[in-house]
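Trainee: Sequence:
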Amino acid sequence: MRYCVDLVLSTLTALLAIGSAFCDEIPTGSAEVPTHSDNTVATIDKNTQSFVVATHGSAYSLTLTTFLTDAAHLHYAVLPVGQPALDAAGIKTAAAQCRSDVGTTNDVRPNSAVSRVQSTGVVAAETITVAKAQKVVSAVKNLQPNTTYDVFFVSEVVGSNGVFGPVQSVLQSSTHPEPPGIDIVNVQPENATADSVLINATLTTLGRAYFALIPSGGDEKLTAEDLVQNRSTAGSAKSQFLVHTVGVNGSYNFQEVMKELTPATLYDVFVLMEAPGNGEVRSEVAHFPKKVRTHALAPEVTKLVCFPLNASATALDISFNLAVDQEDIDRVKLETLSYFTYNLHYEVIALSDGKKSTVTASTVSVSTGNSAATRSTDDISALKNTTLRGIFSMWNFSSVEEFQAGLQETHHANITGLQSGTLYKVKLRAETAGSNGLFGLHELTTQATTHEVPPRILAATVQATNKSVNSLTLIVDLEQQQGNIHYVLTGKSGAAASLRGVFQQATSVEHLQNLLRDRAPRDSEENAYKTGVFTFFSEEKITISDTRNPNANPNIARHGKPVGKSEVEAFRQQFEITGLEDATSYSIALLPETTKSFGLFGRAFNSLLEAHTNENASQIELRSARPLHGNITAIQLDVSMTKPKDILFLCLDPSEDVQDVNLDQCREVDRNSLEASRVSPNTFTFAIGNLSEDTEYQASLYAENSLHNGVVSERSGEVKVRTYMSAPRIIEASARPTAASSSQIDAQVVVDPDASCIVHYVVREAQDSMTTDTQKPVDAATIVEHSSSKDPRSQFQHRLPSSSSSFVSGGSVFTETGAANTSFNVQELRANTTYEVFVATETSRDGNSSGVLGELVTFNVTTHTTAPKIVLATVDPVDGSTDSVVIIANLSHPGVLHYFLSDVDFADPAVISHSDEKRTPHELRGQLVVLEEHILMEVINGTNDTRPTDPLVFVHNTTVSGLKAGTTYHVSLTTETYGSEGVFGEFPPPVLVNTHLGPPVIIPDKLSIHPVDGSSSALAIDFALDRFGDVHYALFFRGLVSDRSHEFGAPIERIEDKKEDAGNESTPIWPPPISTFDLKNLDGLMLKNAELEALGVGVWVNDTISVSREDITCGKMIHKEIDKLPANALFDV
1 MRYCVDLVLS TLTALLAIGS AFCDEIPTGS AEVPTHSDNT VATIDKNTQS FVVATHGSAY
61 SLTLTTFLTD AAHLHYAVLP VGQPALDAAG IKTAAAQCRS DVGTTNDVRP NSAVSRVQST
121 GVVAAETITV AKAQKVVSAV KNLQPNTTYD VFFVSEVVGS NGVFGPVQSV LQSSTHPEPP
181 GIDIVNVQPE NATADSVLIN ATLTTLGRAY FALIPSGGDE KLTAEDLVQN RSTAGSAKSQ
241 FLVHTVGVNG SYNFQEVMKE LTPATLYDVF VLMEAPGNGE VRSEVAHFPK KVRTHALAPE
301 VTKLVCFPLN ASATALDISF NLAVDQEDID RVKLETLSYF TYNLHYEVIA LSDGKKSTVT
361 ASTVSVSTGN SAATRSTDDI SALKNTTLRG IFSMWNFSSV EEFQAGLQET HHANITGLQS
421 GTLYKVKLRA ETAGSNGLFG LHELTTQATT HEVPPRILAA TVQATNKSVN SLTLIVDLEQ
481 QQGNIHYVLT GKSGAAASLR GVFQQATSVE HLQNLLRDRA PRDSEENAYK TGVFTFFSEE
541 KITISDTRNP NANPNIARHG KPVGKSEVEA FRQQFEITGL EDATSYSIAL LPETTKSFGL
601 FGRAFNSLLE AHTNENASQI ELRSARPLHG NITAIQLDVS MTKPKDILFL CLDPSEDVQD
661 VNLDQCREVD RNSLEASRVS PNTFTFAIGN LSEDTEYQAS LYAENSLHNG VVSERSGEVK
721 VRTYMSAPRI IEASARPTAA SSSQIDAQVV VDPDASCIVH YVVREAQDSM TTDTQKPVDA
781 ATIVEHSSSK DPRSQFQHRL PSSSSSFVSG GSVFTETGAA NTSFNVQELR ANTTYEVFVA
841 TETSRDGNSS GVLGELVTFN VTTHTTAPKI VLATVDPVDG STDSVVIIAN LSHPGVLHYF
901 LSDVDFADPA VISHSDEKRT PHELRGQLVV LEEHILMEVI NGTNDTRPTD PLVFVHNTTV
961 SGLKAGTTYH VSLTTETYGS EGVFGEFPPP VLVNTHLGPP VIIPDKLSIH PVDGSSSALA
1021 IDFALDRFGD VHYALFFRGL VSDRSHEFGA PIERIEDKKE DAGNESTPIW PPPISTFDLK
1081 NLDGLMLKNA ELEALGVGVW VNDTISVSRE DITCGKMIHK EIDKLPANAL FDV
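First residue of the sequence shown? That's 1 in full-length UniProt numbering, and the numbers climb one at a time after it.
Don't read these hints as lab results, they were simulated from the structure.
Some hints could be false.
[Unchecked claim] Under the rule of at most 25 angstroms between Cα atoms (straight-line distance), these lysine to any residue pairs were calculated in the SDA-like manner:
(1) K1116 / V991
(2) K303 / I349
(3) K530 / I349
(4) K643 / E526
(5) K290 / A433
(6) K918 / H934
(7) K290 / R208
(8) K1080 / A1094
(9) K1124 / A1090
(10) K596 / V712
(11) K1080 / L1092
(12) K291 / R208
(13) K645 / V712
(14) K720 / S742
(15) K259 / G218
(16) K221 / G250
(17) K1006 / F984
(18) K1080 / Y978
(19) K1088 / P1073
[To be verified] Computed beta-carbon distance windows for the label pairs:
(20) L952 / E693: 53 to 61 angstroms
(21) E260 / K141: 38 to 46 angstroms
(22) E1110 / T959: 53 to 61 angstroms
(23) S913 / N944: 57 to 65 angstroms
Note that CB positions come from ideal geometry on N, CA and C, so glycine has one too.
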């Protein structure tokens, strides 16, 4: 068979310089054949070299390299190894034959080139023409892999048709082997790891296998170079690459572990095969159809708690919490949820003496919430010091939310098949399900003891409880020191028959209730049965006879055979079943239970217990409790009893912290005193003494059955009662007459201590020293007897005692706590009379009488006298004053005279009905105190002796100034008892008085004083007044003047002559004495009233001129002549 191979010339990017002649390259297939002239001489350089190597990256090709020194035809031929060598012509012919299909040539002459080519089995041949010196590279394809070939080269001068160079041969050149095939047996996560994958595969031949694990979910296309160079674009999780080489002595079957992967991640598997050697002959990248995932990290057990399983003596209940790495939690998705399943490995070790053995427990399921599914372990109840191992398999989560919620929950699981009452150590460690050993880092350990088997009731009795009517006393002898005793009882005869028929069949209280419900549904519906439980724990150990048959049911005796007896130790405890009805028959069934086992019951006690409750005692009603009247250490109680023959007890409890040595908290009431105080067949009133003063007690009563069986009634409701305190002591008491009254007195009382009380008082007239009658003594009881009860309309009540009593008045006043003092008022007394006031206190909290009285206090008080009468009263203007009046009053006895002056008559209806806004009434008021010293005296028979008048009169006066001149005033007068603050006398009509007018004024321009014409002894005064009145005047002589006759003419002389004549007639003494009176000392009153002697010598006239109203009305000029004066004299007028 002949093979033709197409030769492909590659364009070279770099020339291998063997000599300076190799400067250019001509790519194969594009070489040009230069045309030489006939003169050209072709030469072949002997340094031409050829090389053959297996083509890089291919198992089916060889790469031929030849260095040519000049333009030439390069012929080569490829033969299987061991074939005869070809000469130059054979090589050229082989190339030509390959081009023209060697298999169809007709030249078959012996020893011809064609026949030689056909006989050698040429695989490939080709001719390459180059136009210059260069390196020629050609690839021969379609060869057999891993096969050896001989290659022959020869160069021929272009256009020489046979001028060849030497034949070069490269012998035994081999192609690369093919990549091996691979059979991937399995790709799976590595056991006990979360970041590794195990690959199990077999190669067909020697070579290399490249593996790449790329996280799934992307659309990544990997090339062979990516696998060889470990390149990937995946970024969310780790990508890993691995190469496995099978050498000459290696096994074609192998296992490789790819590590450092991301936990709980799904990966795509890519595979690339490569032939041995450095030829980089590789297969296509294969994508393994099966994906592979890594295991999730195992969770950590963060909390482990173990308890005995409820209602079981051979099982433990464990609860635990799990924590998962946060990165794993972030990887949880719906499609990866199945990766996150876990197993919990536990180990249970019995901590007790004995031979050790190891038993593997059955698988136990895990649960959350309130339910837990349990699978029983192998029966090892007979083994001690046993180690149990097992697995809790977590369920598969259906959603991401359920997974996350599961991490927050507490999980539960049960381990069964254990010894009762045995202490176990429990170890727990988490593992990723299916990982074959990928455990959490920590193993938690705890301990717990399984429940004891239920105790057995060896004996039990029941009887009525002493001192109780609603309870029964139950005495139980138990096989163990502690346990629970459940009871089911009924007080109905029909229900008791049902209980008797089924109680021995019961395995628990709930089972017994179901049996009773099935037997008599109506009784169950009517709540005919009562259940309860007692906690049994006793230190009392006893020895009793055990009649139990070990070969039979403990509740059933074997008929026809004697029952064996033995002494056994038991524990005894007494309980009380309460809340029952009195005088009722009850049937009771007992069931034992292990302490704190929550349902681990033993068989019911083999006998149904029966007993009657006691009959109730009398019902007691404490109707009232109050302090005993008139006693500070006793109280009085009213009580009603339904059974009067029962024994009555009184309980007193002081509310305050009082050390009362006389008080027993509860005491029996004396039967004789109780019968003596019977009010009705069922009602009694009695007193209890020897208590503390002013102390509050909580009083209650109860009765004991008359049979003295200790059965007592319920206590009556507590009633608070306080004993009376001693009456407060009066530390200050005083009284005074009531202001503005002559028939009343006001009294004040101060008590100590400050406490509410009633102040009782009575009043009687005090005896004077002249009275000989003896009055009866007065005590506190007498005062209370004659005082009155409280008036609800006021703070005190006033009344007059009976006519047979010497008391003129009496009453009582209630005073609250905190009042500064107690005041009361006594009325209807006589004026100016001294009275005795008797006061006593009485303890009272609310104004009601207590009968507890204090000491008597007595004091005197005198009422105000009546106001004095006005015997005589006058009101006159004061002489020489225009604004004053004088009031003179004669009173019947000393007192105070009140006066009121007004220029308005208020009795005038016009004043009342009309008011003059422009005129304000002028009013003055005051008082005058008339004392004993103002008594009016009279002369005795014209002698110098005096005596008070009969009747007595007291006279006093006062001057009231500040009035208006010339005004009529209404003066109102009344009297008042001195110091009475308002005891006034009569109010007579007012007295009228006019004030003096002011003096008239001499009109200055109308006043004239001059000598009288025609007289030397007279002066004339001419004047006019502004109104009527008197004008007082006086003439003071100041001496004679010089002769003035020359100043006047003859008429004057005649006048002087007349004067001299006249003067001579009236002047007996000459010259007259001159007045030296200083006019600065002269006033109007002196001018009016003074005698001439008072004014001194030289005063000639002192007189008054009256001017009438008529004179003023007529406008008359007043003229007054004064004569008999000395002539030629000078006067001051």
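Trainee: State for each hint whether it applies.
Mentor: Structure-based check of all given hints:
1. K1116 / V991: The hint is violated at about 37 angstroms.
2. K303 / I349: Holds, at roughly 19 angstroms.
3. K530 / I349: Roughly 43 angstroms between the alpha carbons, so the hint for K530 and I349 is violated.
4. K643 / E526: violated (33 angstroms)
5. K290 / A433: holds (21 angstroms)
6. K918 / H934: It is violated: about 43 angstroms lies between the C-alpha atoms, which goes past 25 angstroms.
7. K290 / R208: holds (21 angstroms)
8. K1080 / A1094: holds (15 angstroms)
9. K1124 / A1090: holds (21 angstroms)
10. K596 / V712: Roughly 36 angstroms separates the two Cα atoms, so the pair is violated.
11. K1080 / L1092: holds (17 angstroms)
12. K291 / R208: OK: K291 and R208 at ~22 angstroms, within 25 angstroms.
13. K645 / V712: holds (13 angstroms)
14. K720 / S742: violated (49 angstroms)
15. K259 / G218: Roughly 21 angstroms between the alpha carbons, so the hint for K259 and G218 holds.
16. K221 / G250: Given pair K221, G250 is violated - Cα atoms ~31 angstroms apart, limit 25 angstroms.
17. K1006 / F984: With Cα atoms ~57 angstroms apart, K1006 and F984 exceed 25 angstroms; violated.
18. K1080 / Y978: violated (48 angstroms)
19. K1088 / P1073: Holds: K1088 and P1073 sit about 23 angstroms apart, inside 25 angstroms.
20. L952 / E693: 53 to 61 angstroms: holds (60 angstroms)
21. E260 / K141: 38 to 46 angstroms: holds (42 angstroms)
22. E1110 / T959: 53 to 61 angstroms: Given a distance of about 34 angstroms, which is not inside 53 to 61 angstroms, the answer is violated.
23. S913 / N944: 57 to 65 angstroms: Holds: the Cβ-Cβ distance is about 59 angstroms, inside 57 to 65 angstroms.
In this structure, the hints that do not hold are numbers 1, 3, 4, 6, 10, 14, 16, 17, 18 and 22, in rising order.
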